[in-house]
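Colleague: This is what each chain is made of:
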Amino acid sequence: METVVFLIPLFLLLGSGALGLLALLKTRGVKVPDRLVSYIAIGGPVLAFLCSVSLFQKVGHDTFHAFGWNWILAGDAWVPVQFTVDQLTCVMLLVVTGVGSLIHVYSTGYMKGDGGYVRFFSYLNLFMFFMLVLVLADNMLLLFVGWEGVGLCSYLLIGFWWDDIEKAKAGMKAFIVNRIGDAGFVLGMLLIYRTAGTLSFHELRAFVGENPDAFLAGSGFFGVSLATASCLLLFLGATGKSAQIPLFTWLPDAMAGPTPVSALIHAATMVTAGVYVVGRTNFLFALSPTSMIIVSTIGALTAFFAGTIAITQNDIKKVLAYSTISQLGYMFVAVGLGAVSVAVFHLVTHAFFKACLFLGSGSVIHAMHHEQDMRRMGGLAKKMPITCATMTISALAMAGIPPLAGFFSKDEILWKAFDNDLGHGTFLWMLGMGAAFCTAVYMGRLILMTFAGSCRADEHTKAHLHESPRSMTGVLAVLAVGAALIGFLNVPHFLGGHAAFSSFVDLAVNPGAHEAHHAGFATEAALAVMSIMVAVSGLFLAWRFYVKDPTLPGQFVEKHREVYEIVNDKYRVDEFYDRSVTKPLVRLADATFFKLIDRRVIDDSLNRLAGVFRWLGARLASTQTGAARTYVAVMIVGLLLVILSLFT
Amino acid sequence: METQAYLVVATLIFLIGATGFLVRRNILVLFMSIELMLNGAAMLFVTFARQWQQMDGHVMVFFIIALAAAEAAVGLSILIAVFRLRHRVNVDELTELKG
Amino acid sequence: MLSLVLFLPLFGALMLLLVDKSNEKLIKYGAFAVTVATFLMSIPLYGAYEAGGASLFQLEESADWIPSLGIRYAVAIDGISLLLVLLVNFLMPIVVVGSVKSITRRYRDFYVLLLLLQSFMLGAFMARDLFLFYMFWELMVVPMYFIIGVWGGKPRIYAAMKFFIYTLAGSLPMLVAVIYLFMKLRHQAELDPELTASYSLEALSGLSLTLKEQWLCFLAFGLSFAIKVPMFPFHTWLPDAHTEAPTPGSVVLAGVLLKMGGYGFLRFAIPMFPNAVEQAVPVIYLLAVFGIVYAALVALVQTDVKRLVAYSSVSHMGLVVLGIFALNIDGIRGGVYQMLAHGLTTGGLFLLVDMLYERRHTREFSEYGGIAKRMPIFATFFIVITLGSIGMPGLNGFVGEFLIFLGTFRVSPVAAIFAVSGVILGAWYMLATVRKIFFGEITRDENRNLRDIDGREIALLCPLVLMIVLMGVVPGPFIEKMEPSVRAIVESYQSAIGN
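Read top to bottom, the protein sequences are chains A, B and C. Oh and the first sequence: position 196 is 196 in our numbering, straight run, nothing missing. Oh and the second sequence: position 29 is 29 in our numbering, straight run, nothing missing. Oh and the third sequence: position 227 is 227 in our numbering, straight run, nothing missing.
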């Protein structure tokens with residue numbers, strides 16, 4: 001069993017290494033056939049997927065540990081390289097390798113003919129490798145390897161077309177914003193290690209179970225408990241990786257990468273890492289109601305605000321980017337409330353429909369000759385039927401139309417938000433409903449602007465419109481089927497289901513948990529009906545604005561110009577950071593530190609000291625006449641003085 | 001008594017050398033004066049070595065002789081170089097090392 | 001065995017002096033052979049040193065040297081010395097291979113000086129006699145001074161003088177303190193027949209000093225080490241020295257010479273003056289933390305690649321000091337590990353910068369841009385080593401950094417917060433460097449025909465990258481060797497301050 005666990009990341013590491021070597025050889029003029037590259041590139045993820053399936057079949061109610069080697073000696077104990085497979089890991093493994101494999105297959109079509117074909121797949125494999133390390137890791141330190149690793153790969157992939165300096169900058173921004181979060185994560189780890197003496201998740205869970213008081217003690221910072229402090233630090237890391245307020249600004253820029261990368265980052269890997277970590281450490285969050293309130297509130301706020309931004313964007317990928325941020329907000333609402341299995345379920349459904357939407361948009365962009373502005377699209381349904389159909393299914397799924405996947409997962413989150421006992425249920429629920437409305441509007445808008453009506457592209461593009469190759473559409477179809485059906489894995493009790501998925505994941509994150517008490521099926525059903533109504537009205541609004549009367553959006557903007565501009569400018573958060581953090585820091589570094597302290601204060605004062613000695617030396621040098629006899633005369637006088645002093 | 005006589009002679013030789021160095025200008029003579037001073041010092045060493053019946057003083061004299069020889073070799077070659085350059089060996093004109 | 005390793009480069013230097021000055025090939029191959037032989041001979045040291053053996057210092061060799069003054073030739077290694085010795089000997093062949101193109105004149109003198117430098121550095125790491133240590137410590141400066149002053153860039157004389165005088169200003173007070181300690185021991189030996197007057201480190205560490213004496217000696221020793229590390233505000237010699245030094249010089253300077261400071265703190269300052277150290281820790285912490293952030297920010301605004309790497313060195317070495325003065329096991333372990341890691345990554349970065357310099361004869365960022373297109377293999381190496389330097393988990397920098405954070409956090413969470421933010425800035429300036437050099441369109445015509453690195457350059461980078469990865473993935477073998485020494489330092493410190 002252990003070998004299988006290690007094989008999963010190993011396949012991808014080997015694939016990435018081999019492809020990397022091939023890429024370097026290619027720069028030296030060695031011919032590398034694309035077919036070979038595709039086989040290696042797809043082989044790793046597919047093999048990993050097969051291994052994951054076999055693990056999934058075997059895991060049942062158990063947990064596997066696979067010990068590799070001792071890694072870092074911290075204090076008196078080694079932190080090992082050790083993998084653990086439990087139910088949560090299994091689900092993540094299946095999503096990452098499953099959706100990841102599909103994205104790889106799609107990319108072989110999408111990236112065909114690109115100069116960096118080999119390099120691209122090397123990075124893509126590496127990305128999955130780090131993500132697998134992240135979900136398999138038994139301890140936080142090893143998880144951090146994957147955590148930073150996906151940050152690195154996002155840097156490499158977002159800046160994949162680095163001849164465009166703006167894209168290179170976007171990659172760098174992603175890495176650095178992530179690093180800010182990572183700093184929080186590291187500090188959280190340090191705090192946890194100091195308190196519990198271990199970083200292993202299951203040991204930590206046991207520790208917290210036995211002596212929760214250790215974490216309830218004050219941390220010395222503003223009177224918060226250690227649990228709250230460490231949870232909030234971890235959460236800071238999660239906001240970086242999962243693009244939540246306040247560190248979400250990198251994700252929209254990450255659209256600079258090739259579209260399959262966006263799909264990989266947004267759907268299967270990376271951004272879900274934050275949700276995963278908070279879910280993994282849910283026992284710690286359970287000790288700190290404060291942090292739970294903060295996490296769920298930030299999640300809800302992000303969901304709502306990102307949703308409003310998404311409505312105003314015209315770039316098809318930007319809309320999807322903000323929708324990811326918004327959906328991740330939902331997941332944080334759920335994990336923040338301790339409903340990990342619900343969050344993970346949304347993660348899974350989201351992986352399907354978001355991957356489908358991104359890859360679909362890639363297909364559109366491919367057909368439109370890299371046009372991403374929806375204002376120049378329209379009427380593509382006839383030319384690209386498969387893309388249109390799959391994307392529409394996914395969009396409806398995301399908007400929460402039953403019985404597609406998104407309905408089940410999102411509704412469950414809204415229900416949990418309403419029914420929490422932390423005292424801010426209604427507030428969360430209203431924000432969530434607002435976000436759901438936004439979701440329906442921007443999804444409807446995206447589909448309608450792209451596929452409905454008449455084509456607004458120029459003649460040249462119009463003439464070349466075509467459906468994408470089968471490697472791409474096939475993947476879209478598989479994902480769309482997933483987006484449509486996967487919700488049935490977790491049909492809630494009030495609809496007569498068994499919530500099979502939740503109880504499976506709960507084995508890992510809430511061992512021994514009983515079915516939580518319910519406010520009653522009636523309330524839950526009523527809420528569900530309300531959320532369906534919100535979704536439908538959102539879609540209707542989109543139809544009204546963008547199909548029925550396309551002049552309406554313009555009029556609306558005219559009427560509320562100021563509001564529109566702020567939202568369209570993403571609330572100017574980027575500009576705010578730039579003005580309040582980046583620029584002052586650079587100014588401080590350049591003017592104060594380098595030019596003033598280093599140059600003026602330290603170096604100048606030292607040079608001046610040297611100058612004093614030089615001046616003294618010049619004065620004293622005049623005593624050296626160069627006449628030998630003077631010297632001798634002085635010497636003899638000195639000698640006489642010495643003798644004299646001896647005799648007195 | 002015997003020792004004191006030697007000391008007086010040695011001091012005299014040293015003083016003659018020192019005076020010569022101060023009053024003459026010809027480099028060649030200056031060398032001879034230095035030689036005189038060195039010999040005065042060497043004589044002191046020998047005197048005290050004999051007085052205390054120890055070999056250290058004799059050893060030092062060997063050093064002085066060797067030093068004097070080396071100095072003469074280097075000094076005279078410098079002297080020749082200077083003479084070639086200036087056709088004179090007046091020490092007061094040689095103030096190249098003025099600070 | 002130790003003496004053999006120690007004197008082999010010195011012997012090699014003498015042999016090189018016998019070779020005809022114009023025989024370039026023989027000189028270069030000869031220097032390479034000597035450094036490789038030294039490295040090969042130091043590998044068995046790793047096996048021979050038993051961590052957790054009966055005594056901490058092993059493979060001891062000693063002989064009387066100047067008996068009337070109690071000076072002995074005594075060398076031995078413990079885990080920390082072992083690793084640093086290996087670092088020196090690992091880097092040296094790489095430095096030689098890296099310098100064959102960039103050193104174009106007076107190469108015999110250059111390699112003689114380089115080999116001398118190697119011997120002196122090894123001596124300083126091995127010495128068990130304070131006088132011997134001091135001698136090597138001072139001797140090291142001499143070849144470095146000439147390397148900067150003869151083969152350096154334009155204002156090389158200024159840089160060389162600055163380096164020399166800074167170092168000397170630090171080490172002369174240390175000499176006074178060394179002599180003072182010896183006199184003190186001799187004084188006690190007159191009263192106590194069991195003691196003998198010597199410069200032996202064991203005997204000197206056994207001295208009982210008053211707090212005032214400890215403070216004075218600590219200041220004298222500490223200043224010297226702080227300049228070498230270098231700690232803020234004694235760091236301004238480093239950017240000049242690094243920038244002007246020929247690249248092999250920069251590599252040795254960053255790779256090994258800076259580590260002398262950290263090593264000195266660990267080996268001398270902390271064990272001999274624990275009570276003064278205890279009181280000085282807050283100030284040192286303040287300087288180290290400020291230095292980390294300060295140097296990182298200054299690095300951010302540099303326009304010269306070498307100067308940027310130099311400031312990044314200051315920042316990273318600040319982390320080392322932070323770890324060492326956490327004075328707990330994690331911190332010191334991390335400090336030592338970070339010294340090794342930094343030696344490899346920064347050495348590597350300087351080599352890389354030199355490869356660029358050889359091609360374009362400039363180190364200004366503005367002269368580059370987009371060259372990843374022309375030099376993809378070079379870019380790959382550059383990015384990997386950069387990642388090692390900014391503490392990417394799975395590479396060597398992370399292990400040290402994490403342990404330092406852990407050690408620091410136990411002592412002062414606030415300091416840890418600042419140190420961690422220094423690491424964010426580290427990612428910022430290093431990635432900005434990568435972006436400015438490699439990404440975007442090629443804007444200058446001179447860069448259109450750059451050739452990628454050749455076999456020799458790949459061959460010299462490969463071992464570095466291999467070690468960077470190895471030290472990140474399996475740090476165990478390195479940590480295990482230093483473990484007893486680290487524990488001994490912490491325990492002796494704890495017992496000295498009565499804890």
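Rather than coming from a laboratory, the hints here were simulated on the basis of the structure. Mixed in with the good hints, there may be bad ones.
Unchecked claim - Computed cross-link-like contacts, EDC-like style, restricted to lysine to aspartate or glutamate with a CA-CA straight-line distance of at most 16 angstroms:
# : chain 1 : residue 1 : chain 2 : residue 2
1 : A       : K382      : A       : D315
2 : C       : K373      : A       : D164
3 : A       : K462      : A       : E575
4 : A       : K169      : C       : E441
5 : A       : K112      : A       : D164
6 : C       : K373      : A       : D34
7 : C       : K154      : C       : E364
8 : A       : K26       : C       : E364
Claimed, not checked - What follows is a set of in silico ranges between Cβ atoms, one per label pair, in the way DEER data are often shown:
#  : chain 1 : residue 1 : chain 2 : residue 2 : range
9  : B       : A69       : C       : R186      : 55 to 63 angstroms
10 : A       : K595      : C       : F32       : 29 to 37 angstroms
11 : C       : F7        : B       : F62       : 51 to 59 angstroms
12 : B       : Q53       : C       : L175      : 38 to 46 angstroms
13 : A       : P584      : C       : L195      : 53 to 61 angstroms
14 : A       : T630      : C       : A37       : 37 to 45 angstroms
15 : C       : A37       : B       : N90       : 38 to 46 angstroms
16 : C       : L69       : B       : Q53       : 53 to 61 angstroms
Using N, Cα and C, we set each Cβ at its ideal position, and we do this for glycine too.
Colleague: Okay, which hints does this one fail, numbers in order?
Modeller: 1, 3, 5, 6, 8, 9, 10, 11, 14, 15 and 16
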